[in-house]
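Student: Chains A and B, in that order, are what the protein sequence lines are.
Just so you know, we're using the numbering used here here: the first sequence kicks off at 2 and counts up by one.
Just so you know, we're using the numbering used here here: the second sequence kicks off at 2 and counts up by one.
Take the hints with a grain of salt, since some may be wrong.
No distinction is drawn between identical chains; accordingly, a pair holds when it is met within one copy or between any pair of copies.
Claimed, not checked - Each computed SDA-like pair below joins lysine to any residue, with the alpha-carbon atoms no more than 25 Å apart:
#, residue 1, residue 2
1, Lys-351, Ala-235
2, Lys-351, Pro-117
3, Lys-351, Gly-195
4, Lys-351, Gly-100
5, Lys-351, Gly-63
6, Lys-351, Val-271
7, Lys-351, Arg-369
8, Lys-351, Gly-327
9, Lys-351, Glu-237
10, Lys-351, Gly-81
11, Lys-351, Gly-244
12, Lys-351, Arg-365
13, Lys-351, Thr-269
14, Lys-351, Gly-373
15, Lys-351, Thr-240
16, Lys-351, Asp-363
17, Lys-351, Asp-198
18, Lys-351, Gly-371
19, Lys-351, Glu-85
20, Lys-351, Glu-255
No wet-lab data here; the hints were simulated from the structure.
Computed from a prediction, not measured in an experiment: that's the story for all the values here.
There are 2 protein chains.
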Amino acid sequence: MSVTFPRGFRAAGVAAGMKPSGNPDLGLLVADAPCPAAGLFTTNLVQAAPVRLSRERLAASGGRALGVLVNSGQANAATGPQGEHDARVATARAAELLGAGPDDLLACSTGVIGEPLHMERLLDALPGLVSSLSEGGGSAFARAIITTDTLSKEARAEAGHFRVGGCAKGVGMIAPDLATMLVFVTTDAALAPGHLDRLARATLEPRFESLTVDGCRSTNDTVLAFASGGSGEAAEPGTAAWGALEEAFADVGESLLQQLAHDAEGVTHVLLIDVEGAASTEDARLVSRAVAASPLVKTAAFGGDPNPGRILQAVGAAGAEVDPAGVDVWIGDVPVVQGGVIPPGFFETKGAAAREAMQAPDVRIRVRLGGGPGRSRAVGCDLSYEYVRINGEYTT
Amino acid sequence: MSVTFPRGFRAAGVAAGMKPSGNPDLGLLVADAPCPAAGLFTTNLVQAAPVRLSRERLAASGGRALGVLVNSGQANAATGPQGEHDARVATARAAELLGAGPDDLLACSTGVIGEPLHMERLLDALPGLVSSLSEGGGSAFARAIITTDTLSKEARAEAGHFRVGGCAKGVGMIAPDLATMLVFVTTDAALAPGHLDRLARATLEPRFESLTVDGCRSTNDTVLAFASGGSGEAAEPGTAAWGALEEAFADVGESLLQQLAHDAEGVTHVLLIDVEGAASTEDARLVSRAVAASPLVKTAAFGGDPNPGRILQAVGAAGAEVDPAGVDVWIGDVPVVQGGVIPPGFFETKGAAAREAMQAPDVRIRVRLGGGPGRSRAVGCDLSYEYVRINGEYTT
C-alpha cells in the first residue's frame with residue numbers, strides 16, 4: 002500500500018519500455034487535488050533536469066503540487082536543453098490527461114546518465130498509466146521506480162487519525178548509471194505547506210542524509226512529501242497530534258532507510274556508526290561519515306575483521322576537530338581504542354570479542370571524541386566482491 | 002643503489018624478526034655526518050610516534066639529521082606513551098652504536114597499527130644492522146622498508162656534478178594495517194637546510210600529494226630528504242645548477258610516484274586525472290582527487306567501461322566551484338562530455354572509441370572546468386576484486 006495508505010492519493014505503475022528489461026518503469030502518484038508538497042534534493046552541482054524542474058515548480062507554487070511522474074531507465078541528467086524540454090513535455094502531457102494545469106506535476110528520473118528519455122514510449126504509455134491510477138496502486142508505483150534494487154521498499158505508520166505511507170528506491174548503482182535515491186512519503190493530515198516542509202526536514206532529512214553506500218552523491222537524489230488532507234483533520238506544530246505525526250514520519254523514514262541500507266549493492270553487512278562527544282554536530286557528522294565511507298573500514302566489515310587502526314585512521318582524517326589522545330572506540334560493546342590507544346591485550350587475544358561483533362549482520366561502531374555535545378549517526382555498508390562485480394563487470 | 006647513489010651516504014637492511022614473514026624489516030640510512038634534512042608528513046590528526054619524533058627532531062635541529070631508522074611490521078601508532086618511549090630508545094641506541102648523539106636519527110615505522118614495536122628483537126638486531134652499513138646498501142634498505150609491495154621501488158638521477166637517489170614503499174594496505182607511504186630521497190649537493198626543504202616542497206610534495214589509492218591518509222606517511230654535500234659542490238637557488246638539481250629531484254619523485262601507483266593494491270589500471278580551467282589550484286585539486294577517488298570511476302576503470310556520467314557525478318560533488326554547463330571531459334582523446342552534456346551519439350556507438358581508451362593500462366581522463374588558471378593532476382588506480390580480497394579476506 003505504501004504511498005496510497007493515506008487517504009486522498011492514487012498511484013499506478015506500468016511497463017512503458019523505458020528499461021530494456023521490460024519491467025515496470027513508469028510511475029505516477031497523485032493527490033485528489035493539488036496539496037502541500039515538500040522536496041529535499043541532491044546537493045551535487047550537476048543536477049538532472051527533473052531535479053531542477055521539481056525545485057522550480059515547488060518554489061513557484063509556494064510548496065503545492067498535484068503529484069509526481071517518475072521514470073526509471075534514463076536519469077535525464079547531462080542531457081542539456083533537450084532534457085529540460087522532455088521533462089516539461091512529459092509532465093504537462095500527464096497533467097493534461099488528469100485535467101490539471103501544465104505545472105501541477107513534479108518529476109523524478111533514475112537510470113542512465115546522459116541518455117535522452119525515451120519520449121515516444123513514455124508519451125504512448127501515459128494514457129494507460131493515468132487510467133490505471135487507483136487507491137490501491139502504491140505497490141505498483143513502488144515497483145515501477147526501482148532499478149537494481151532487489152526488492153521494492155514500502156513503509157506505513159499511523160498516528161491517531163493520520164496515516165503516513167512511503168516508498169523508496171535505492172542505493173544500487175547500476176552501471177553505467179549512478180545510484181539515485183528516490184523517496185516518496187505521503188500523509189492524509191491537513192497541513193500548511195510550510196509545516197509539511199518542516200516535518201520533512203525534521204524527520205526525513207537527517208535519516209536520508211546519514212546513508213552512504215560509497216560516498217557518491219547522485220545527480221538525481223530526491224525526497225518528496227505530500228499531504229493530501231484526506232483524513233479531514235489538521236495538525237499544527239506544538240500539538241499532541243503533531244508530535245504523533247512527527248513520530249509516524251520518522252518511523253516511515255527509518256524503515257525506508259533500513260530497507261535501503263540492507264539492499265545496498267553487494268551488501269553483506271550494514272554499518273551503523275554512532276559518533277558522540279564531538280565539538281559540534283557538524284564535526285560529529287564529518288567523523289561518522291568518514292568512518293562509514295572508508296574503504297578500509299568497509300573491507301574490514303566484509304572480512305569480519307575487527308580493525309581499530311582503520312577506524313582511527315578515518316577519524317583522524319575526517320577534517321573534524323579531534324584530539325587523538327581523547328578518542329574512545331567500541332565495536333559492538335567491546336572497547337577497542339581507549340584514550341587514543343589500542344589496548345595491548347587486543348593483539349594477544351586477536352580481538353576475539355570484537356571479531357564476533359564485527360561479524361554480525363549489523364556492525365555497530367561507536368566513537369566518543371570527547372565531552373562535546375555533537376552527535377551523529379551514519380548508516381553504511383561493507384565493500385564486497387559483489388559491489389565490484391555490479392559496478393565493474395557490467396559493460397554497456 | 003637508490004639512496005646510496007649520491008656520495009656521502011651508507012645504508013643497510015636486515016631481517017630482525019619484526020615481520021612474521023622473516024623478510025627484511027629493519028633499515029638504516031645515514032650520511033657521513035649530520036647534514037641538512039627535510040620532512041613532509043601525513044596530515045592525519047592521528048599520527049604515529051615516529052612521525053611526531055621526526056617532526057620534533059627536525060624542528061629542534063633546524064633541519065639537520067644524521068639519517069633515519071626504519072622498521073616494517075609495526076606502525077607504532079595508537080601505542081600511547083609506550084610507543085613514544087620505544088621510538089626514542091630505538092633511535093638513541095642506533096645512534097650510540099654510530100657514535101652519534103641520541104637525537105641525531107629520525108624514525109619511520111610501517112605495519113600494524115596499535116601493536117607495540119617488537120623492541121627486544123629490534124635492539125638485538127641493531128649491532129648487525131650498523132655493522133652492515135655500506136655505500137652499496139641502498140637496495141637492501143629499500144627492501145627492508147616494504148610491506149605488501151610486490152617490488153621494492155628505487156630511482157636515481159644526475160644533475161651535472163650532483164646525484165639524486167630515492168626509494169619508496171607503497172600504497173599497499175596490508176590488513177590489518179594501513180597503507181604507509183614512505184619515501185626517502187638523497188642528494189650529494191651541498192645545501193642549506195632551508196634550501197633542501199624548499200626543494201622537497203617544490204618537487205616532491207606535489208607529486209606524492211597527487212597519489213590516491215583509496216582516499217585514506219595513513220597515520221605514518223612520511224617523505225624525508227637528505228643532502229650530504231658529498232659531491233663537494235654547493236647549489237644555490239637561482240643558479241643553473243639549482244635548476245638541474247630541481248629537475249633531478251622531480252625525476253626521482255616522478256619515477257617513485259609511478260612505481261607506487263603501478264604497484265597499488267589490486268591495481269589493474271592506473272588513473273591519470275588532469276583537471277584544467279578551474280577557478281583556483283585548490284579547486285582543480287578537489288576535482289582531480291574526487292574523480293580519482295570515486296569508487297564508481299574506479300570500478301568503471303576496472304571494467305574498462307567508459308562512463309561519462311560517473312565522472313560528471315564526481316566533478317559535481319567535489320566541493321569546488323563548478324558551472325556544470327561549462328564542463329568538458331575527455332577519456333584519452335575522445336570527448337565524452339561537451340558543455341555539461343554527454344553527446345547523444347555516445348550511446349549510439351556505445352562509446353566505442355572511449356572504451357578503447359578506458360581499457361588502456363594507464364587511463365587518462367581530462368576535465369576542463371572553464372577558463373580559469375587552476376590545474377592539477379591526480380594519480381590513482383582502479384578498484385578490483387583483488388583490492389577487496391587483500392583488504393577484506395585477511396583476518397588477524
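Student: Does each hint fit the structure? Answer for all of them.
Tutor: Checked hints:
For the homomeric pair Lys-351 and Ala-235, neither the shortest alpha-carbon distance inside one copy (58 Å) nor that between copies (53 Å) is at most 25 Å. Proximity of Lys-351 to Pro-117 under the C-alpha cut-off of 25 Å is restricted to the inter-copy arrangement: shortest distance 14 Å between copies versus 54 Å within a copy. With identical chains, the CA atoms of Lys-351 and Gly-195 are never at most 25 Å apart, being 54 Å at best within one copy and 46 Å at best between copies. In the homo-oligomer, the alpha carbons of Lys-351 and Gly-100 never lie at most 25 Å apart, since the shortest distance is 68 Å inside one protomer and 40 Å across protomers.
In this homomeric assembly, Lys-351 and Gly-63 never come within 25 Å of each other (Cα to Cα): the closest approach is 59 Å inside a single copy and 42 Å across copies. Taking identical chains as interchangeable, the C-alpha atoms of Lys-351 and Val-271 lie at most 25 Å apart only when both belong to the same chain, with a minimum of 23 Å there against 35 Å between chains. For the identical chains of this complex, Lys-351 and Arg-369 are intra-copy neighbours only, at 23 Å inside a copy versus 49 Å across copies, given an alpha-carbon limit of 25 Å. Taking the closest pair of Cα atoms, Lys-351 and Gly-327 come within 25 Å of each other only inside a single copy of the chain (24 Å); across copies the shortest separation is 53 Å, beyond that limit.
For the identical chains of this complex, Lys-351 and Glu-237 are neighbours neither inside a copy (55 Å) nor across copies (54 Å), given an alpha-carbon limit of 25 Å. Within a single copy, Lys-351 and Gly-81 get their C-alpha atoms only as close as 55 Å, which misses the 25 Å cut-off; across copies the closest is 19 Å, which meets it. For the homomeric pair Lys-351 and Gly-244, neither the shortest alpha-carbon distance inside one copy (47 Å) nor that between copies (52 Å) is at most 25 Å. Taking the shortest Cα distances, Lys-351 and Arg-365 sit within 25 Å of each other inside one copy (19 Å), while across copies they are farther apart (43 Å).
Within a single copy, Lys-351 and Thr-269 get their C-alpha atoms as close as 23 Å, which meets the 25 Å cut-off; across copies the closest is 32 Å, which misses it. In this homomeric assembly, Lys-351 and Gly-373 never come within 25 Å of each other (Cα to Cα): the closest approach is 32 Å inside a single copy and 53 Å across copies. Taking the closest pair of Cα atoms, Lys-351 and Thr-240 never come within 25 Å of each other, the shortest separation being 54 Å inside a single copy and 57 Å across copies. Proximity of Lys-351 to Asp-363 under the C-alpha cut-off of 25 Å is restricted to the intra-copy arrangement: shortest distance 21 Å within a copy versus 40 Å between copies.
Taking the shortest alpha-carbon separations for Lys-351 and Asp-198, neither the intra-copy value of 50 Å nor the inter-copy value of 42 Å comes in at or below 25 Å. For the identical chains of this complex, Lys-351 and Gly-371 are neighbours neither inside a copy (27 Å) nor across copies (53 Å), given an alpha-carbon limit of 25 Å. Only between protomers do Lys-351 and Glu-85 lie at most 25 Å apart by alpha-carbon distance; the minimum there is 23 Å, versus 57 Å within a single protomer. In the homo-oligomer, the alpha carbons of Lys-351 and Glu-255 never lie at most 25 Å apart, since the shortest distance is 35 Å inside one protomer and 39 Å across protomers.
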